[in-house]
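Chain order of the listed sequences is P and Z. 1008 is the number of the first residue of the first sequence in the numbering used here; add one for each residue after it. -15 is the number of the first residue of the second sequence in the numbering used here; add one for each residue after it.
Don't read these hints as lab results, they were simulated from the structure. Here a beta-carbon is modelled for each residue, glycine too, at the ideal position from N, C-alpha and C. Please note that a few of the clues may not be correct.
For lysine-lysine, the following BS3-like pairs were computed, each having C-alpha atoms within a straight-line distance of at most 25 Å [as the list claims (entries may be wrong)]:
hint	chain 1	residue 1	chain 2	residue 2
1	P	K1282	Z	K185
2	Z	K71	Z	K375
3	Z	K98	Z	K338
4	Z	K170	Z	K198
5	P	K1207	P	K1183
6	Z	K173	Z	K185
7	Z	K198	Z	K169
8	Z	K36	P	K1065
9	Z	K172	Z	K193
10	Z	K251	Z	K169
11	Z	K330	Z	K292
12	Z	K338	Z	K325
13	Z	K193	P	K1282
14	Z	K173	Z	K251
15	P	K1282	Z	K251
16	Z	K292	Z	K71
17	Z	K98	Z	K170
18	Z	K170	Z	K375
19	Z	K98	P	K1129
20	P	K1282	Z	K173
21	Z	K357	Z	K71
22	Z	K172	Z	K185
23	Z	K169	P	K1282
24	Z	K36	Z	K292
25	Z	K384	Z	K185
26	Z	K375	Z	K292
27	Z	K172	P	K1065
28	Z	K251	P	K1065
29	P	K1129	Z	K384
Residues from chain Z that keep clear of chain P, each with C-beta distances beyond 10 Å, as calculated [claimed, not checked]:
hint	residue
30	D102
31	G199
32	D213
33	K300
34	T304
35	Y349
36	T368
The calculated label-pair distances, taken between Cβ atoms and stated as ranges, are [claimed, not checked]:
hint	chain 1	residue 1	chain 2	residue 2	range
37	P	I1173	Z	G199	54 to 62 Å
38	Z	L382	P	W1283	32 to 40 Å
39	P	L1110	Z	G145	40 to 48 Å
40	Z	N361	P	V1243	40 to 48 Å
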Amino acid sequence: MNYLILGITRGSMYALIALGYTLVYGVLQLINFAHSEVFMSGAFGSYAIVHLLVGDGKATPSWAVPFILIAGILSGAITAAVIAWLLERVAYRPLRRRGAPKLAFLISAIGASFFLSQLAGKLFGRLTSNSFPEFFDQNAVIFRPFGAEVRVLQIVIVASAVLMMIFLDRLVSVTKLGRSIRAISEDAPTAALMGIDIDKTISRTFIIGGLLGGAAGFLFGLNFSFGNTMGFIPGVKAFAAAVLGGIGNIRGAMIGGLLLGIVENLVPLVNIDTKWTDVVAFVVLVLVLMFRPTGILGERLGRAA
Amino acid sequence: MRTSSLAKVAVIGVAGVMALSACSNDSGGNNSSNNNLTQQPAGSGSNANSNKTYKIGWQGPLSGDNQQLGINEYNGTKLAVEQANAKGDLGFKIVLVESDDVGTADKAPAAAAKLLQDPAILGVVGPAFSGPTSATGKTYAAANMGLISGSATNATLTSSGFTTFHRVVPTDGTEGTQAAEWLAKKFKKVFVVDDTSTYGKGVADVVRKTLASKGTNVISQGVAANTQDYGAIAQRVTQSGADALFYGGYDAQAALFAKALAATGYKGLKMTGNGGKSSVFTSGAGAAGNGWYFSCGCQDATTAPEAKDFAAAYEKMFNTPPSTYSPECFDAANGMIEALKAAVQKTNGNPTRKDVADAINALDYKGITTQVKFAPNGEVANATVNLYQQKDGKIVMLGKIQDQS
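If we strip away everything but chain P, and leave its shape as in the complex, we get (with noise of 0.2 Å):
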C-alpha cells in the first residue's frame, strides 16, 4: 500500500508535466523537448519566493504553511509560464513563420533545452540537490489506510495536482480559449479561416503547459530536491506517460502519468532489484503501445477532451 501511495504521488506529478507535452503537441503536432527545462525553471522560481518569505523555515507559523504553499505553486506556475511563454516566441514561432521543416523546431527545442539548463547552472550552481527549507513537518501520518502511512506531502501534492487537472480539464471542455485549442488540434488551416487566432492560442497552449509544469516543479523540488538537471529524467518520463496515454489527449495525459508513476513504484513488491526500475517502466510503455498503438485512450485532443 505504501507503494501505491508513493507511485500516486509521483504519478501526480509526471501527469502534470505530461499534460504540457500533450498539450503542445495538440496544437503543434511537436514534440516541446525544452518542456523539462520549463518545469526545472519552475522549482527555482518558486524557490526564490518560498526562500524569501520563510528564510531557513525553522519560524514558520502553522497558520502560515497553506499561504507558503500556494505561493510556492503560484510562483512556480508563473516563472514556468513566462519561461514557455518566451520560449514559445524564441525558438518556435520564428520558425513556424517561415514554415520551417517539424525537424528545425525539435533541433531548436534541444538547443533551448541545453540553453536553459545551463543558463541555470551558471545563475544558480551546480548543486543538484538543492533542497527547500523545512517550513512545516512534510513527513507528519496524516491517517493510516490499510496499514499505509499518507504523510502530509503527499496528499499536498495530489490535492493540489488532482485540483490543477480538474481545472485544466474545465477550461479545454467549456471556455473559449479551450474551444479554440480543440479547433486548432483538429484542424489549424480550418480554424484559422473561422476566425481563430492561431498565434495567440498557440501562445497562450505553451503558457498553460507552463503554468502546470512550472507547479509541478515545485512540487518535485519540495519532495525531492532540485537542480539545473533536473528536468531531464522526469521530462522523459512525463513524455512518456504522455504517450502511454495518448499523446495530444489530455487526460490520457493525466492517466498515463498516474500509471506510470504507480508502475515504477510496484517494482519492490515483484522482488526485482530497484536499479530496474526505469527498465520495468518502459517495458510497460512498449507493451501496452504494441496493443494500443496509439496509447491508451488514443490520439487527437479534440476527440476525447
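Add chain Z to chain P, keeping to what the hints say.
Coordinates of chain Z only, in the frame set by chain P:
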C-alpha cells in the same frame, strides 16, 4: 531560401550550446593559479634554477554534482603549491594547472588531454574520482605522467596496468572490509545499496562479501546514481526490517536517500563510505543526516593534531575550514612537489615526466594524514580507516574503525 535560413538557425543553436558548455568547463575553477607564471617576481633563491618554472596538473570535478569534493581537493592542492612557492627554498617556481573532469568517466579523457598536451606539466595530482581514473589511467601511463590521487579509492585501479598511478588513501577494498567487519560485530541483517557507479558498487560489493563471510544476512539493491526519487527504495529498506543500511555512493545522492529514509521512518543504523562524507551531505540531508555513520580512509583536518597548522592556513586562504579530502590532497601535492624537487636536482634542472614518475616511486615523505610512501603497485604503504558520525549537522571523527565497538 528556406533551407538556408533553417541552416542558419541550426548553426546558431548548435554554436550556442557549444559555447555554453565550453564556458561551463571553467566556471567552477579558480584561474588565479595561471597568473603566477607571469606575475610572480623572480624567485628569492639565488641558484641557477631560481627563474625556472615547472607545472603540475590537477584533475578532478570542479563542476557538476560532485564539485564540492573536487573543490576541497583543489584547494588542498593549491595551498601546498602556494606554500612551497612562498617558502622559496625549492630553487624553482611551481605553477598549478587545473583540469575539470566533472567527476565522470566520459569527460575525463578530455580533461587528461588538456594536461597532457602541455609539455611543461610534469606530474598530476589526481584524478580525484575512480571512474575518471580508470578512463584515463592508461593514457597517463603511456605518457609516463606520474599521478598521485588523494581520493580515487576503487580497489582495482592499482591492478589495471596504470603504472604511474599512486594514491595516498586506502582502497575501497580496505575501507569496505573494515566497515563491514564493524557492522558484522553488531548486526545480523544488513541492507546494502549501491549507486551502480565504479566507486559505489565497488565499495558496496566488498561490504556485501565481507558481511556474508561473517554470516550476516545481506539484502542487496542498486539504485542508479541519477535517481531523484528514493521513496521506493527507502520504503523497501524500512519494510525489510534490516538492522542496518550501508549505502555505496556519493554525497549528493546519499543526502536524498537520507531524507527519504527519514520520511519513511527507518530506525536502523545508517552508514555510507568516504564518497558520502562531505558538507554536501550535511547541508542536503539536514536533520535527516544526523546519526549517519561514515567510514573514510581520511583524517579529520579540524581535529587531528598533525593537521592543525594545515587547517589554520587553509581557513586563512579560502575562508572555510578544510573538508573531506583537502588534507589528503595537500599530502598528495606535497608528495608531488617533493618528487619534482628530487627530479630537478637529479637532472640538473631538466626533468622529464618519467624522471618525476620515478621520483614518486622513491618518495618517503611525512605528510599530515599518512606517510607518503608507496608500495610498488602504487598503494600507500600504511593505511588507516576512520569512523565518523554526523551529530547536530556536523560530521565528527570517532576514531579508528578497528578500535570501535
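Each hint, compared with the structure:
A hinted pair counts as satisfied when its Cα atoms are at most 25 Å apart, and K1282/P with K185/Z qualifies at roughly 12 Å. A C-alpha spacing of about 39 Å is found between K71/Z and K375/Z, which places the hinted pair above 25 Å, so the restraint is violated. For the suggested pair K98/Z and K338/Z, the alpha carbons sit about 18 Å apart, so the restraint of at most 25 Å is met. A threshold of 25 Å between alpha carbons decides the hint, and for K170/Z with K198/Z the separation of about 11 Å falls inside it, so the pair holds.
The straight-line distance between the Cα atoms of K1207/P and K1183/P is roughly 13 Å, inside the 25 Å bound, and the hint therefore holds. A threshold of 25 Å between alpha carbons decides the hint, and for K173/Z with K185/Z the separation of about 19 Å falls inside it, so the pair holds. For the hint linking K198/Z to K169/Z, the alpha-carbon distance of about 9 Å falls within 25 Å, and the restraint holds. Between K36/Z and K1065/P the alpha-carbon distance is near 56 Å, which puts this suggested pair outside the 25 Å criterion.
Under the criterion of a C-alpha separation no larger than 25 Å, the hint pairing K172/Z with K193/Z is consistent with the structure, at around 14 Å. The suggested pairing of K251/Z with K169/Z holds, with an alpha-carbon distance near 18 Å, which does not exceed 25 Å. For the proposed pair K330/Z and K292/Z, the alpha carbon gap of about 33 Å is over 25 Å, so the pair is violated. Between K338/Z and K325/Z, the direct Cα distance comes to roughly 14 Å. Compliance with the 25 Å bound is thereby established for this hinted pair.
In summary, the hint linking K193/Z to K1282/P is supported, as the alpha carbons are separated by about 20 Å, within the 25 Å threshold. Of the pairs offered as hints, the one joining K173/Z and K251/Z holds, with about 13 Å between alpha carbons and a cut-off of 25 Å not exceeded. The hinted pair formed by K1282/P and K251/Z meets the criterion: a straight-line CA distance of about 23 Å does not exceed 25 Å. Restraint check for K292/Z and K71/Z: satisfied, since their Cα atoms lie roughly 19 Å apart, inside the 25 Å limit.
In summary, the hint linking K98/Z to K170/Z is not supported, as the alpha carbons are separated by about 48 Å, beyond the 25 Å threshold. Among the hinted pairs, K170/Z with K375/Z is consistent with the structure: their alpha-carbon atoms are about 20 Å apart, no more than 25 Å. Proposed proximity of K98/Z and K1129/P is supported: the alpha carbons are some 22 Å apart, at most 25 Å. Simply put, K1282/P and K173/Z have alpha-carbon atoms about 21 Å apart, close enough for the 25 Å limit, and the pair holds.
A threshold of 25 Å between alpha carbons decides the hint, and for K357/Z with K71/Z the separation of about 23 Å falls inside it, so the pair holds. Annotation: proposed proximity of K172/Z to K185/Z holds, straight-line Cα distance about 22 Å (limit 25 Å). Taking the CA atoms of K169/Z and K1282/P, the gap is near 29 Å; set against the 25 Å cutoff, the hint is violated. Our distance criterion of 25 Å between C-alpha atoms is broken by K36/Z and K292/Z, whose separation comes to about 32 Å.
Note on K384/Z and K185/Z: the hinted pairing holds, with a Cα-Cα distance of about 24 Å set against a maximum of 25 Å. Pair hint K375/Z plus K292/Z holds up; C-alpha atoms about 22 Å apart against a cutoff of 25 Å. Restraint check: the Cα-Cα separation between K172/Z and K1065/P comes to about 38 Å, which exceeds 25 Å; the hinted pair is violated. Distance check on the hinted pair: K251/Z and K1065/P sit about 24 Å apart at the alpha-carbon level, within 25 Å; holds.
Note on K1129/P and K384/Z: the hinted pairing is violated, with a Cα-Cα distance of about 41 Å set against a maximum of 25 Å. The non-interface label for D102/Z is consistent with chain P: the shortest C-beta to C-beta separation is roughly 26 Å, beyond 10 Å. G199/Z, annotated as away from the interface, keeps every beta carbon of chain P farther than 10 Å; the closest lies near 23 Å. The non-interface label for D213/Z is inconsistent with chain P: the shortest C-beta to C-beta separation is roughly 6 Å, within 10 Å.
Residue-level check passed: K300/Z sits 24 Å from the nearest beta carbon of chain P, beyond 10 Å. For T304/Z, the shortest C-beta to C-beta distance to chain P comes to about 15 Å, beyond the 10 Å cut-off, and the non-interface label holds. Consistency note on Y349/Z: stated as away from chain P, and its beta-carbon is indeed over 10 Å from all of that chain's, at 35 Å minimum. Distance check for T368/Z against chain P: the nearest CB is about 30 Å away, which clears 10 Å, and the non-interface claim stands.
Checking the proposed 54 to 62 Å range against I1173/P and G199/Z shows it holds: the Cβ atoms sit about 56 Å from each other. For the hinted restraint 32 to 40 Å between L382/Z and W1283/P, the CB-CB distance of approximately 36 Å keeps it satisfied. L1110/P and G145/Z have their C-beta atoms about 45 Å apart, which keeps the hinted 40 to 48 Å range intact. The supplied range of 40 to 48 Å is met by N361/Z and V1243/P, whose beta-carbon atoms lie about 42 Å from each other.
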